[in-house]
Amino acid sequence: MSVNPVDRVSPYPPAPHRDESAAFARRREPESTLARQRARPAPETPAPGAGRPLPPEIAFLAAHGAPLVMLQYGATIARRQGVKADAALIAEGLIPEERFYRILATELRVPYLDAPPALEPSESLEQDAARGYARLAEAPRGMRWLFAPRGDDIARLVGVTRSSAGRPLFAITRPSHFEEALRRSSARRLAEAAAYSVERVAPELAARRALGGRAPIAFALGNLILLAAWLSPAGALSRAASALLALLFLANIGLRLYFCAIRKEARGAAPALEERDLPLYSIIVALYDEAGVVPQLTEALDAIDYPRAKLDVKFVVESDDDATAAALRAAHLRPGWEIIVAPPGAPRTKPRALNVATPFLRGSLVAVFDAEDLPDRSQLRDAAALFAVADENLACLQASLFIHNHRRSWMTAMFCIDYAVLFDVIDKGASAAGLPFFLGGSSNHFRLSALRAVGAWDAFNVTEDADLGLRLARRGYVVRTFASRTQEQAPTRFAALVAQRSRWMKGWMQTALVHCRDPSAYFADLGAARGATVLALLAGGFVAPLHAPIFLLCLVHDAGFGALLAPRTLADGLASGLFCLIAAGGLAASAWPRAVAMGEADMLWLWPALLRWPLWSLMLALASWRALRELCVRPFYWDKTEHFPIAGARNR
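In the working numbering, the protein residues as written are 1 to 652.
Bear in mind the hints are in silico, worked out from the structure with no lab data behind them. Treat the hints with care, since some could be wrong.
Derived Cβ-Cβ restraints for the label pairs, each shown as a range [claimed, not checked]:
#1 Ala139 - Ala330: 51 to 57 Å
#2 Ala528 - Ala330: 54 to 60 Å
#3 Leu604 - Ala483: 50 to 56 Å
#4 Arg276 - Ala524: 39 to 45 Å
#5 Trp613 - Leu570: 50 to 56 Å
#6 Lys264 - Ala524: 53 to 59 Å
#7 Ser364 - Leu581: 31 to 37 Å
#8 Leu578 - Arg377: 47 to 53 Å
#9 Ala330 - Arg276: 33 to 39 Å
#10 Asp302 - Asp558: 40 to 46 Å
#11 Asp302 - His557: 55 to 61 Å
Here a beta-carbon is modelled for each residue, glycine too, at the ideal position from N, C-alpha and C.
Model the full structure from these sequences, guided by the hints.
What follows is the structure in structure tokens.
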């Protein structure tokens with residue numbers, strides 16, 4: 001920790017030109033001994049005829065050479081956007097954050113700390129970050145507290161300090177340094193909270209506990225026994241296993257067709273909000289080994305149409321990822337954009353990184369984006385408008401994800417088609433029906449209060465999005481889709497594609513095991529019909545790829561060489577009818593949603609990729625069996641997907 005007191009600032013004329021404002025924003029405070037004489041009191045009002053009184057949180061700047069025109073301009077922006085004037089000045093780049101707080105330290109006649117100091121370990125990181133002060137671990141020069149005030153707290157602190165007869169016992173730093181100091185002083189507590197956040201709120205729904213015993217082995221053995229029974233020469237056993245799978249497939253087929261039919265009933269847009277009515281919005285981006293896409297990411301976030309003073313952006317990087325952290329620093333992030341270094345700990349997963357940022361979020365709404373994302377420019381405004389007119393139980397809005405490198409190969413084309421089916425047909429249909437659905441890993445927009453109420457993300461679940469959507473539903477919250485799009489990137493290598501799909505399926509298996517630990521509680525939370533629907537959707541995500549290719553081969557064999565088309569008994573006739581219904585329904589449930597999704601996305605020209613659908617199905621089967629193995633061997637391992645910058649990709 002180093003102390004850099006500020007004693008004075010050379011005065012400027014009271015009515016400067018614009019170039020003088022720029023010079024003030026660039027100017028650095030002189031670093032000398034602590035001021036021994038009281039700084040001049042900041043005027044409460046500008047010069048006669050200059051306009052409205054300056055807001056108290058920035059009025060003191062005028063006594064330290066800040067151009068009055070700049071202060072009035074910042075106050076005007078603050079009134080228009082409904083924010084405090086200090087936030088507007090800093091967010092618009094009119095004054096650097098460091099310079100603002102150095103001048104505040106001069107005004108208060110206290111030291112300014114230019115590096116994160118050592119603080120006492122926090123009992124509540126969330127509370128300490130929100131209130132903006134904490135006790136110092138050491139007391140240099142008699143200082144006991146560290147302050148990083150914002151808004152009304154600045155005016156309050158200035159007033160209290162001026163009226164105080166004693167020596168101030170605190171120092172000032174900027175908020176980004178203050179929060180970094182909080183994380184360093186409580187690194188162990190932060191790491192534990194990020195890893196076990198769900199266990200502290202709902203331990204019965206935590207993946208670590210559900211998968212810590214023999215459940216993964218039993219699950220894998222159950223699937224193998226089902227497969228063996230199905231292929232068994234014993235007729236009764238084979239028919240029972242076939243009927244079980246057939247009913248599951250039939251339920252999944254029916255749901256896909258139903259969602260495709262009602263998808264257009266999903267709610268549309270809400271009336272746009274005025275700038276001053278928009279809420280403070282936080283954005284979290286978890287990054288690991290993503291230095292190459294940092295320029296594209298920061299450009300995409302910078303293009304979002306939202307008041308800068310109301311954006312709170314957190315980039316979370318791992319402690320050993322120096323390349324990504326360096327790339328972020330080199331990107332010259334906007335004021336209010338912060339790099340958070342996650343403390344070392346396990347598991348090394350995206351949800352844990354998201355949890356590390358959660359105590360420091362300032363917005364009432366939170367958006368999650370991935371490193372390669374290109375969200376629509378108006379996405380935050382659209383989501384804020386929908387939240388404003390909705391009930392408080394609306395916890396999350398899911399935007400659609402669209403693959404922007406679909407021209408790369410048939411694999412990326414198939415990936416794009418599958419994404420369109422999932423987000424524009426299945427999820428929108430489930431949302432229109434008022435049913436829970438599984439969130440995508442990106443472009444989720446949450447109420448922060450709801451997110452914290454359920455323990456945020458489960459760090460041990462490798463599809464934290466699917467699990468979170470289900471936990472929100474079980475606690476009575478609502479999740480919906482909305483008409484906005486984020487462009488993402490599909491894996492371009494076959495091995496990377498298999499690894500990504502394998503992680504997804506392993507996560508769905510985890511989620512099924514977690515929520516089926518106590519079936520009575522599960523159905524009590526969701527109800528019989530909704531609970532059964534969610535299970536059919538969830539099981540369809542991994543049971544169908546595990547068994548459908550073998551089921552299809554057996555069906556073809558029985559049609560050509562067996563009794564499928566020529567049943568001899570009533571039981572054979574009923575089984576043949578069921579299997580033929582599944583074959584016809586499966587074809588419809590595969591073709592119709594794809595045709596609808598491709599038509600609405602204006603990509604019917606991708607139809608040649610569908611000719612390789614058998615290869616795609618085999619890839620999914622391979623990924624599913626790989627996921628089943630990993631569930632037993634390394635259930636919490638996060639198989640990261642590699643990303644590359646896309647030339648010419650832009651926000652809409």
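Checked hints:
The beta-carbon spacing between Ala139 and Ala330, approximately 37 Å, falls outside the hinted interval of 51 to 57 Å. Roughly 55 Å separates the CB atoms of Ala528 and Ala330, a value that falls within the hinted 54 to 60 Å. In this structure, Leu604 and Ala483 break the distance hint of 50 to 56 Å, their C-beta atoms being roughly 21 Å apart. Look at Arg276 against Ala524: about 44 Å separates their beta carbons, and that is inside 39 to 45 Å.
Between Trp613 and Leu570 the beta carbon distance is about 35 Å. The supplied range of 50 to 56 Å is therefore violated. The hinted range of 53 to 59 Å is not satisfied by Lys264 and Ala524, whose Cβ atoms lie roughly 33 Å apart. Our hint of 31 to 37 Å for Ser364 and Leu581 is violated, since their Cβ atoms are close to 49 Å apart. Range check, Leu578 to Arg377: Cβ separation about 50 Å, and the 47 to 53 Å hint holds.
Checked against the hint of 33 to 39 Å, the pair Ala330 and Arg276 passes, with Cβ atoms roughly 35 Å apart. The hint said 40 to 46 Å for the Cβ distance between Asp302 and Asp558, and at roughly 59 Å that hint is violated. In this structure the supplied range 55 to 61 Å holds for Asp302 paired with His557, their Cβ-Cβ distance being about 58 Å.
Against the hints set out earlier in the document, violations occur for numbers 1, 3, 5, 6, 7 and 10.
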